[in-house]
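Chains as they are written, first to last, in numbering that gives the first Met the number 0: chain A, 0 to 253; chain B, 0 to 253; chain C, 0 to 253; chain D, 0 to 253; chain E, 0 to 253; chain F, 0 to 253; chain G, 0 to 253; chain H, 0 to 253.
Derived from the structure by calculation, the hints contain no laboratory data. A few of these clues could be false.
Below, simulated SDA-like cross-link-like pairs (lysine to any residue); rule was C-alpha separation at most 20 Å, straight line [as the list claims (entries may be wrong)]:
{"id": "1", "chain 1": "A", "residue 1": "Lys167", "chain 2": "E", "residue 2": "Trp194"}
{"id": "2", "chain 1": "C", "residue 1": "Lys112", "chain 2": "C", "residue 2": "Ala46"}
{"id": "3", "chain 1": "G", "residue 1": "Lys167", "chain 2": "C", "residue 2": "Leu43"}
{"id": "4", "chain 1": "E", "residue 1": "Lys167", "chain 2": "F", "residue 2": "Arg48"}
{"id": "5", "chain 1": "H", "residue 1": "Lys167", "chain 2": "F", "residue 2": "His162"}
{"id": "6", "chain 1": "G", "residue 1": "Lys167", "chain 2": "D", "residue 2": "His162"}
{"id": "7", "chain 1": "D", "residue 1": "Lys167", "chain 2": "G", "residue 2": "His162"}
{"id": "8", "chain 1": "A", "residue 1": "Lys167", "chain 2": "F", "residue 2": "Asp44"}
{"id": "9", "chain 1": "D", "residue 1": "Lys112", "chain 2": "D", "residue 2": "Val96"}
{"id": "10", "chain 1": "B", "residue 1": "Lys167", "chain 2": "C", "residue 2": "His162"}
{"id": "11", "chain 1": "G", "residue 1": "Lys167", "chain 2": "C", "residue 2": "Arg45"}
{"id": "12", "chain 1": "B", "residue 1": "Lys167", "chain 2": "D", "residue 2": "Asp42"}
{"id": "13", "chain 1": "E", "residue 1": "Lys167", "chain 2": "E", "residue 2": "Thr130"}
{"id": "14", "chain 1": "C", "residue 1": "Lys167", "chain 2": "A", "residue 2": "Leu43"}
{"id": "15", "chain 1": "F", "residue 1": "Lys167", "chain 2": "H", "residue 2": "Trp194"}
{"id": "16", "chain 1": "C", "residue 1": "Lys167", "chain 2": "D", "residue 2": "Arg48"}
{"id": "17", "chain 1": "H", "residue 1": "Lys167", "chain 2": "F", "residue 2": "Val165"}
{"id": "18", "chain 1": "D", "residue 1": "Lys167", "chain 2": "G", "residue 2": "Trp194"}
{"id": "19", "chain 1": "H", "residue 1": "Lys167", "chain 2": "E", "residue 2": "Asp44"}
{"id": "20", "chain 1": "E", "residue 1": "Lys167", "chain 2": "B", "residue 2": "Asp44"}
{"id": "21", "chain 1": "C", "residue 1": "Lys13", "chain 2": "C", "residue 2": "Ile99"}
{"id": "22", "chain 1": "C", "residue 1": "Lys167", "chain 2": "B", "residue 2": "Trp194"}
{"id": "23", "chain 1": "C", "residue 1": "Lys13", "chain 2": "C", "residue 2": "Glu63"}
{"id": "24", "chain 1": "E", "residue 1": "Lys167", "chain 2": "B", "residue 2": "Leu43"}
{"id": "25", "chain 1": "A", "residue 1": "Lys112", "chain 2": "A", "residue 2": "Glu73"}
8 protein chains.
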Amino acid sequence: MNRQEFEQLLSAWKQGELTADEAFNRWQATSSPTALAKAALVDLDRANRCGYAEVVYGPGKSIEQLLEVFQIQELAGQSSLATRLSTEQLDGLEAMVPGIIINRLARTARRQKVSTAEAPSGQVAILTAGTTDLPVAEEAAETVRWMGGAANLVFDVGVAGPHRLVEKLPQFQEADVVIVVAGMEGALPSVAAGWVRVPVIAVPTSVGYGANFGGVSALLSMLNSCAANVCVVNIDAGFKAGYLAGLIADRRDD
Amino acid sequence: MNRQEFEQLLSAWKQGELTADEAFNRWQATSSPTALAKAALVDLDRANRCGYAEVVYGPGKSIEQLLEVFQIQELAGQSSLATRLSTEQLDGLEAMVPGIIINRLARTARRQKVSTAEAPSGQVAILTAGTTDLPVAEEAAETVRWMGGAANLVFDVGVAGPHRLVEKLPQFQEADVVIVVAGMEGALPSVAAGWVRVPVIAVPTSVGYGANFGGVSALLSMLNSCAANVCVVNIDAGFKAGYLAGLIADRRDD
Amino acid sequence: MNRQEFEQLLSAWKQGELTADEAFNRWQATSSPTALAKAALVDLDRANRCGYAEVVYGPGKSIEQLLEVFQIQELAGQSSLATRLSTEQLDGLEAMVPGIIINRLARTARRQKVSTAEAPSGQVAILTAGTTDLPVAEEAAETVRWMGGAANLVFDVGVAGPHRLVEKLPQFQEADVVIVVAGMEGALPSVAAGWVRVPVIAVPTSVGYGANFGGVSALLSMLNSCAANVCVVNIDAGFKAGYLAGLIADRRDD
Amino acid sequence: MNRQEFEQLLSAWKQGELTADEAFNRWQATSSPTALAKAALVDLDRANRCGYAEVVYGPGKSIEQLLEVFQIQELAGQSSLATRLSTEQLDGLEAMVPGIIINRLARTARRQKVSTAEAPSGQVAILTAGTTDLPVAEEAAETVRWMGGAANLVFDVGVAGPHRLVEKLPQFQEADVVIVVAGMEGALPSVAAGWVRVPVIAVPTSVGYGANFGGVSALLSMLNSCAANVCVVNIDAGFKAGYLAGLIADRRDD
Amino acid sequence: MNRQEFEQLLSAWKQGELTADEAFNRWQATSSPTALAKAALVDLDRANRCGYAEVVYGPGKSIEQLLEVFQIQELAGQSSLATRLSTEQLDGLEAMVPGIIINRLARTARRQKVSTAEAPSGQVAILTAGTTDLPVAEEAAETVRWMGGAANLVFDVGVAGPHRLVEKLPQFQEADVVIVVAGMEGALPSVAAGWVRVPVIAVPTSVGYGANFGGVSALLSMLNSCAANVCVVNIDAGFKAGYLAGLIADRRDD
Amino acid sequence: MNRQEFEQLLSAWKQGELTADEAFNRWQATSSPTALAKAALVDLDRANRCGYAEVVYGPGKSIEQLLEVFQIQELAGQSSLATRLSTEQLDGLEAMVPGIIINRLARTARRQKVSTAEAPSGQVAILTAGTTDLPVAEEAAETVRWMGGAANLVFDVGVAGPHRLVEKLPQFQEADVVIVVAGMEGALPSVAAGWVRVPVIAVPTSVGYGANFGGVSALLSMLNSCAANVCVVNIDAGFKAGYLAGLIADRRDD
Amino acid sequence: MNRQEFEQLLSAWKQGELTADEAFNRWQATSSPTALAKAALVDLDRANRCGYAEVVYGPGKSIEQLLEVFQIQELAGQSSLATRLSTEQLDGLEAMVPGIIINRLARTARRQKVSTAEAPSGQVAILTAGTTDLPVAEEAAETVRWMGGAANLVFDVGVAGPHRLVEKLPQFQEADVVIVVAGMEGALPSVAAGWVRVPVIAVPTSVGYGANFGGVSALLSMLNSCAANVCVVNIDAGFKAGYLAGLIADRRDD
Amino acid sequence: MNRQEFEQLLSAWKQGELTADEAFNRWQATSSPTALAKAALVDLDRANRCGYAEVVYGPGKSIEQLLEVFQIQELAGQSSLATRLSTEQLDGLEAMVPGIIINRLARTARRQKVSTAEAPSGQVAILTAGTTDLPVAEEAAETVRWMGGAANLVFDVGVAGPHRLVEKLPQFQEADVVIVVAGMEGALPSVAAGWVRVPVIAVPTSVGYGANFGGVSALLSMLNSCAANVCVVNIDAGFKAGYLAGLIADRRDD
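So here's chain A without its partners, still in its complex pose:
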């Protein structure tokens, strides 16, 4: 099935000539490896196996490829999330996907399933040390929201102003899980973890200069945290932190 045939199929489905099941079956039956190659193999079984649809990593993908993945997932009754999008990719998706939610600071685009009647599944608090950590924090927040959770950002509570964190305690002490985003010396997760009794997911950011080595300094701090309830994800990996937080918060409703 080439691009043209695929669009005919989508069109038929949108105009009610085919049910979603019929369209999906036809698509699966006829897809040739070549057609699939254009947008990589979409792992449609992921939602079933892992609980959430496959998330699209944006860099290097054409807008056409992004659209194709979004359409295949819509056809399969799944929601969509794309991360690390460029301004061009964000513009393209915003123009062409009805109901898409764009977050330009987070550089994400998401399309929720239409009939998500379920209430939000848990509370995720997201702390940032400084304003430059905000994009990573927003990427985490968007991921949590896409998974149906509630994300509460508490920003600019870096350790150099010790009173700030204490003032904000009520905003994160009752969360089901806490994400802490910090660059430079990455001390905030250790400090915040001492105030809560839930898991803390630390996200080092590449913010800083000199011997911060693109975030390695913060990464090492977090790995060596003396607090027992701190785990770590990769540098700038807001998506991964959000996804883990969503899973942890979500389990309440299992």
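Position chains B, C, D, E, F, G and H against the provided structure of chain A, taking the given hints into account.
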């Protein structure tokens, strides 16, 4: 209060001459900084603030110091856990603390609270890639058990024998959280994470030789995992993985 | 012999005024070091000593220099392969070398010997973890093809979707040698190696972000692979992987 | 099946009371996970899936565990190889396994299948730069021999004595594959590779001092080799180099 | 002047046969390079140029050499400090130098000038994150004391117990300079610096495990501190921190 | 309070309709978190807690945000300093903030409190090894001046011209504290420290090429200085060095 | 003396109104520190102390500054050399300095003293592994020539073509010192050193890709060379290699 | 020729039954590869090709092997030098090789040719920063002496005592080449190089603690030296520095 006075206090309490409250208050009132210095400041408020008592990191502590911490925590109605103990420390604690649970592979000692009537709070699966990863896995398991959770070890399912992991799926696919312990190339967490819909806590071990750099190779693999549900703790940090898993599993019963 | 004289020589040979032997001898006899300097010393003995002609590394070479090497090799009865070419270099070669085979994804150009009557010498399977690994895989494939082998690409079988690799087993289990291209955590070679009984050549790619250090994370994973049949080449070194695979597959016909 | 029962089973089989098939089936049927745990899961399917039996990595294993693996493999009709053995382990195996071949320089022990009627399958040349590289080279050689190949060691041909390598050309230029073992600057693989038309497997060793970083210097040299036919294995990984060489040489007889 | 002659000189001086000036002049006039070589060149001008006598770095020096330096400095009217001493060195000095002050935790020995009538020159607070940081803190404290300052240790106020630091504020907020000693993630200097208006000297320690790389993790944290008033010394460099603190506190009395 | 309301408040205050206290109280009372988010939380308590107002790190901030912080600090009776400003930011501030002091080499902007009647508090000498270290030195100097100290630059006294440093001794030997800025091998702090009896703050710069690793070479030199009176700040951290020097020099007047 | 006065001085000297001595003395007498600051302190004593004039490192200097240094050195009777010049700097110097020798591949500019009657002082051979190493080799050659030595380039003799180096032996075996420039695995210095009895100066270049880390791979190879007669300079440091070679070759004529 | 036969040959030669030529020829004719393997291939041609006999690297060699090499070299009319010898090796050689010169600080043993009538060929100055650098300096000195040069050690002139180096200028300023041995921050070569007009060979040592990384800190300092006349050898590589210095000094007499 010096060592001798402290022992008199403990003795009076054990013989019923003092209630726990009376003993605890007396100890708090009279403790001089010097006495405290001997076993560091025991953070007795930790159990209240974080949900679990402070855990003792063994290296460099004398058996006397370890005993003192265990006794203070017992007096305060808290359970105890010590990690990274040497054979001498394990022998000493085993001989002197009634009811202590020693795990010589994990190099841990724990004393549970007497009247823990609560049922285990969740299921934690712990996978290991090879037999040399076992001590770290056991440390994680002991920590989970100390927190009241159930730990199920699934061992030797390294990726070089691909059929092994699939055969063991029933043993970990229903867990509330999965810990994966692996050295060398650290590929197991990525592979295991693809089969579950819960958080995976990856623990790199220092097992290997050559360019594994004491576990850094496995650590980097895990940080760069293409699976979204993988977070990482420090090299050989079985305790931290177990603690996080205990928190995640425990939240079901909140 | 300056550029102009060299072109006259080539022209005379193409118009049949000189046999290849005559042209080659004349060229060798008169070449001054200065002329040679322009396109580096072409190691014409390489084909005899190593079985294949010298391969040209593109960066920093002018189109004129590239053409000169292709012509010298054609004159000496050898095929040609150039790698890491820029768009400008690819355009220039495509315009000026009849019969050249351009692969823009791989950024390679090759000219086969006209009368290669020999059948392909072996089967090389090339696996990729994600779509971003494709250029490196294509570079490997082009190299295999230039050596007379058959290259079969099996793409997007990263470990996060564990069922994908198993589904593709028939496409690589019968190959004479397997190349595995992967970035991020670089786990795929270890996993794939467990399914085959032939050598696996692992190629780390610089794909990823954060603590992947431009491919070092994947490189270390592959070096520390617990599978015994995995060797490694440099980061992004698709050419070298293809060359080694070509040699291994080719030896069947020795 | 505990240790005692296992020995009774072996004894019955050796005295002809049971055929190998009967013994093997009985063992498989009754083995409890606990018994298996003692010597890790022996991957008996490996020989079928990968062509060669599982190889035992010695460190941390008791002599009893090593013996158990050797016996299980013997029972299953497979040969055995153990690497990185200590003097104690070597002594223990030598004393208790009839017909075992011990190489104390290589620190290996192997037991060949009794009825290997097949001729050696290929020629592997193993070059070393200095005498201190010899143990790693011997480990590679033993592995090749265990696989049925012929290993020819050409030693002490480091690049500081340029005439030496050329003098030894006849000893390695006709091999099916060449292993080069070198520490310090690791230049030998690049130089040797220029003289042959077969794959070269480079093994960096931890030999050296100062800024060699336990072999990293040689490893980087080999990864960055300007010769196209050089692949690399981990530092000191003689076994892996031998295994790969065995596979490459063996393929002739497929 | 050989060892014997040197001892005769010292003896004559101690018995009043020579004034200090006479002894010192005689020693300077006759010292041959060989004699000096035994205990390295003692930089007697250091006290004049830098304000404090040269400090002896213990490792690799014989007890005889240490004694010689102490005696030369005593002869020249200077006080002495030696660091990083082994138990043997400490025992030797304790036995042979009257009035020496030994600190076995700090591994230091110091001899103050007899007639130091001056009052202590300033207040130095020294904070430690954990008990294992104590030896480094004590080395700093001994250095401060040797320089005439007052050192106040505030220990075990690591960030995992956030209330502890706040409780101890009165003990360090009025100091003239604060030294913070911490291993693992090295977060304490950043946090403490937010509470004071004086310079903070951060000392990373090699305490920790896994990816702490012998203190590099803490070192990077401290270098990247978001607090403006934090400078850093080398890993475990308690002496250097103490010396700098002594200089800063001392300047009040200039 | 949105941007517009904030400007009305400022305007009312400038026109005398409100006292500073009234304006400040009104602003504090009505500020919504959203408004604050625009320019991060300004830590107005910093001046009280730490002795100096919060310093603004420029990168990533809009001119509007910078202005807002300057205005809030002016309103609160505090001086302002911003660092690492781009040409655009410098131009914007210069145009819009009356009395601002711009240093384009240092890339700083500062606004002093109007009525600073106090005399400069101390002497800070700043040495540079080469001309390329000048911007970092100027950043340090501007910070010292903002704090009320006197900064004396002594430039181009690198160790390759040994007579230069000695010639300049009178310019820095009487300072209260010395800052040394150097790239490449970073030897200057060690050499300069031998000539003074005050603390030396070493600032490594990213100046150099090859194996200098963006300043790491100089950083390591400085951390390993054999001189006892050398502490270190991050690579290129002129601001931090200046701030520490200001604190040390300032303490004379406490 | 400001820029204008300096130009008047130069003009007067060129028109014979002042002798060189008079001009130089006047310049020295009146130069204010501010004027000197513009072009850094020119170390005019360097030629006397070290045998050669100070060499100018180009990056970051304006053409005006470069000219000023060239003029001051001319005035002082010294020759000039500037390295790492941009195209703009090369154009500017070429246009404005009569008799200047520009090497655009080396990115150098030099002005020799007019009356250098001395014969070349020694033979320096410069070997390169590949064409991309040429700019660094040329920088070395220009430096040698500036010092009065003869530089003989032998290019493209990388180890992958082993016969090439042997063919070129006559071109470098009689040199007084050999410079070897190589990137990638950096094996050439070790190999070349085995053929000569003079010092070999190895220059690693940043040429390569993947795990070459901008030349670190070649640097480590060279530092770990098994050949005793190999010393190393920084990555891409052609100037330094040339300078050392010039000194070694020059010593013949002392 | 086995060990016994070899000793008979040596014995015959020593008793005059064979001339050296006869003995040498007989040895060469009959030596089997196995015999040679015992002491590695002695590169007897090295003296001819490189000017000096092969030097023996001691670690891992038995005393028997060392003796064998010394005897072969004596038989071939060559002198001998062995480095990095253990106390046992030094004792063994001292006992069994008449006329051997042992340096226990340098850990070297050398045997000079009997009839070296030549005068010393040049002056090598060797500077050390501290007493702990002495063993490396002595290794360099012994190497220089073995080559016939004169080595003058100037010790303990580290940069922290700036007057010391200047006082010692007469001891090294007239040398033909200067070796500088330093650990910690490795600043001494840069400083010393500014005072001389000859090549400086810098030897980093592993002396130090904390972030010195076993000498890497000093190595980087030396590679990044701002002095043009500094080249570098590996960490602790006293032998290599001595060998290069010997070559440079020796060339005067060519």
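Hint check:
1. At roughly 18 Å between alpha-carbon atoms, lysine 167 of chain A and tryptophan 194 of chain E fall within 20 Å of each other, so this suggested pair holds.
2. In summary, the hint linking lysine 112 of chain C to alanine 46 of chain C is supported, as the alpha carbons are separated by about 13 Å, within the 20 Å threshold.
3. Using a Cα cut-off of 20 Å, the hinted pair lysine 167 of chain G and leucine 43 of chain C holds, with the two alpha carbons roughly 17 Å apart.
4. Restraint check for lysine 167 of chain E and arginine 48 of chain F: the C-alpha separation of about 16 Å stays at or below 20 Å, so the hint holds.
5. Only pairs whose Cα atoms come within 20 Å are accepted, and lysine 167 of chain H paired with histidine 162 of chain F is accepted, the gap being roughly 16 Å.
6. Annotation: proposed proximity of lysine 167 of chain G to histidine 162 of chain D holds, straight-line Cα distance about 16 Å (limit 20 Å).
7. At most 20 Å may separate the alpha-carbon atoms for a hinted pair to count; lysine 167 of chain D and histidine 162 of chain G meet this at roughly 16 Å.
8. Of the supplied pair hints, the one linking lysine 167 of chain A and aspartate 44 of chain F holds, its CA atoms being roughly 16 Å apart against a limit of 20 Å.
9. For the hint pairing lysine 112 of chain D with valine 96 of chain D, the CA-to-CA distance comes to about 13 Å; that is within 20 Å, so the pair holds.
10. As the CA atoms of lysine 167 of chain B and histidine 162 of chain C are separated by approximately 16 Å, the hinted pair is consistent with the 20 Å bound.
11. Pair hint lysine 167 of chain G plus arginine 45 of chain C holds up; C-alpha atoms about 17 Å apart against a cutoff of 20 Å.
12. Of the supplied pair hints, the one linking lysine 167 of chain B and aspartate 42 of chain D holds, its CA atoms being roughly 14 Å apart against a limit of 20 Å.
13. A hinted pair counts as satisfied when its Cα atoms are at most 20 Å apart, and lysine 167 of chain E with threonine 130 of chain E qualifies at roughly 16 Å.
14. With a CA separation close to 17 Å, the supplied pair lysine 167 of chain C and leucine 43 of chain A stays within the 20 Å bound.
15. Between lysine 167 of chain F and tryptophan 194 of chain H the alpha-carbon distance is near 18 Å, which keeps this suggested pair within the 20 Å criterion.
16. With a C-alpha separation of about 16 Å, the suggested pair lysine 167 of chain C and arginine 48 of chain D falls inside the 20 Å cut-off, and the hint holds.
17. Annotation: proposed proximity of lysine 167 of chain H to valine 165 of chain F holds, straight-line Cα distance about 17 Å (limit 20 Å).
18. Between the alpha carbons of lysine 167 of chain D and tryptophan 194 of chain G the distance comes to roughly 18 Å, so the proposed pair stays at or under 20 Å and holds.
19. Between lysine 167 of chain H and aspartate 44 of chain E the alpha-carbon distance is near 16 Å, which keeps this suggested pair within the 20 Å criterion.
20. Between lysine 167 of chain E and aspartate 44 of chain B, the direct Cα distance comes to roughly 16 Å. Compliance with the 20 Å bound is thereby established for this hinted pair.
21. Of the pairs offered as hints, the one joining lysine 13 of chain C and isoleucine 99 of chain C holds, with about 17 Å between alpha carbons and a cut-off of 20 Å not exceeded.
22. At roughly 18 Å between alpha-carbon atoms, lysine 167 of chain C and tryptophan 194 of chain B fall within 20 Å of each other, so this suggested pair holds.
23. Pair hint lysine 13 of chain C plus glutamate 63 of chain C holds up; C-alpha atoms about 19 Å apart against a cutoff of 20 Å.
24. For the given pair, lysine 167 of chain E sits about 17 Å from leucine 43 of chain B by alpha-carbon distance, which is consistent with the 20 Å threshold.
25. For the hint pairing lysine 112 of chain A with glutamate 73 of chain A, the CA-to-CA distance comes to about 8 Å; that is within 20 Å, so the pair holds.
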